[in-house]
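Respectively, the protein sequence lines represent chains A and B. For the record, in the first sequence the residue sitting at position 34 is 40 according to my numbering, with numbers rising by one throughout. For the record, in the second sequence the residue sitting at position 162 is 168 according to my numbering, with numbers rising by one throughout.
Simulated from the structure, these hints should not be mistaken for lab results. Check before you lean on any hint, since a few could be wrong.
Since the list can't tell identical chains apart, any single copy or any two copies may satisfy a pair.
[Unchecked claim] Cross-link-like lysine to any residue pairs, in silico, SDA-like; alpha carbons within 25 Å at most:
id, residue 1, residue 2
1, Lys135, Ile90
2, Lys42, Val142
3, Lys150, Thr175
4, Lys186, Val141
5, Lys150, Leu170
6, Lys124, Asp172
7, Lys42, Met7
8, Lys19, Phe66
9, Lys19, Phe119
Remember, it's a predicted structure, so these values are computed and weren't measured experimentally.
Each chain, letter by letter, is given below.
Number of protein chains: 2
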Amino acid sequence: MDTRTELLRQAEKLFAQRGYDAVGVQEIVDAASVTKPTLYHYFGSKRGLLETILGDEFHFFNQLLREAAYYQGDLPLTLRKIAIVFFEGARRNPVFFRLQLALWFAPRASEGFQVVEKYHREQFDLVEKVFTQAVVQHGNMRGKQRALAASFIGTLHHYVGLGLNDYATLDAQLVEQVIKQFQHGIYS
Amino acid sequence: MDTRTELLRQAEKLFAQRGYDAVGVQEIVDAASVTKPTLYHYFGSKRGLLETILGDEFHFFNQLLREAAYYQGDLPLTLRKIAIVFFEGARRNPVFFRLQLALWFAPRASEGFQVVEKYHREQFDLVEKVFTQAVVQHGNMRGKQRALAASFIGTLHHYVGLGLNDYATLDAQLVEQVIKQFQHGIYS
DNA sequence: CAAATACTATACCGATCGGTATAATGGCGG
DNA sequence: CCGCCATTATACCGATCGGTATAGTATTTG
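Take these sequences, add in the hints, and give me the full structure.
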């Protein structure tokens, strides 16, 4: 295991467990069994370390989301694919999803939120585009794409949060329930 | 304005804006135009300050919730009342709701989460009790009270979050949409 | 083989962290 | 008027914060 990867892994774990601000640089390098200059050689700053972690993870995840959000005329199918990507992502990589959720709900002026914001904006734009394309078939959604995208992603976040704390099981059945529930909100 | 109240107000605002860990004690006392011994006289520690802030706010809010969650045989009505309490609370006191949401999504091991947890547990218990009482009329919910309570509160949180960031308007219309959507999830 | 480059440790920086010892101030009851 | 208690400021504590100057050791490249 090279030291750079070990630093990324240990830092992600610590940030997810105790929060970005509460974890010191010294603690990270101790966990990775290196010293501070090594960390600063690779990442430049504590913030640079966080940006690298989130950049790598979101690069991977948002690519999956992009493929799932490729709209081909069937809105429920597309939403289902998106939900599956979120739920499977959270099950495969709970540490990252915990971190990312905590930072997303952190105060607007906090470092963590600012770093995570642009990646969430990417996700939002992908989902909003789906709803915009679907307006052709679902005219009653016209003008509501922004609210719908925010609501859908928010719903997925909320269930991911429940899943991470064992209040729900992120399985195919829950996907169906979420989609059905959300569609009912649209068509009413 | 007495200094104690001023400290509570300024600290709540700063914590909500930039996060509990990112705000230092010195900054709080400067904002309140006092010095550190004054803060430590009243609250004992930084954590004690946070506990007092959240204790006061949740004491007030959870009492409203308790009244709204008094079940009298009409589940949709009770859920509607609960949703209204959340939405009106968030509109009246957005600073507190921002803070409380951020702490709730903070890592399990963080100080902030630990302080906020017991008050959320109160809320959860109140809502779970509603579903348990409603099982008499809605037998298909039997055994799912825990998941339903978590899902309902999570839904409200998610819309409060949207409202705080202007992705939704926390009005009576949204209450109806949330209730209808949630009921559809139950009865299916 | 020489020189450059990448990587990593020791030891340190000033600033800030949460918290406190001491003492001065003020109002209030006896 | 005296003594008590609550409140507040000055000045300080050791520890930790994020970050770095310097130098050593590999590894790679010419």
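Practice prompt. Could you tell me which of the hints above the structure violates, numbers in ascending order?
Written response: 2
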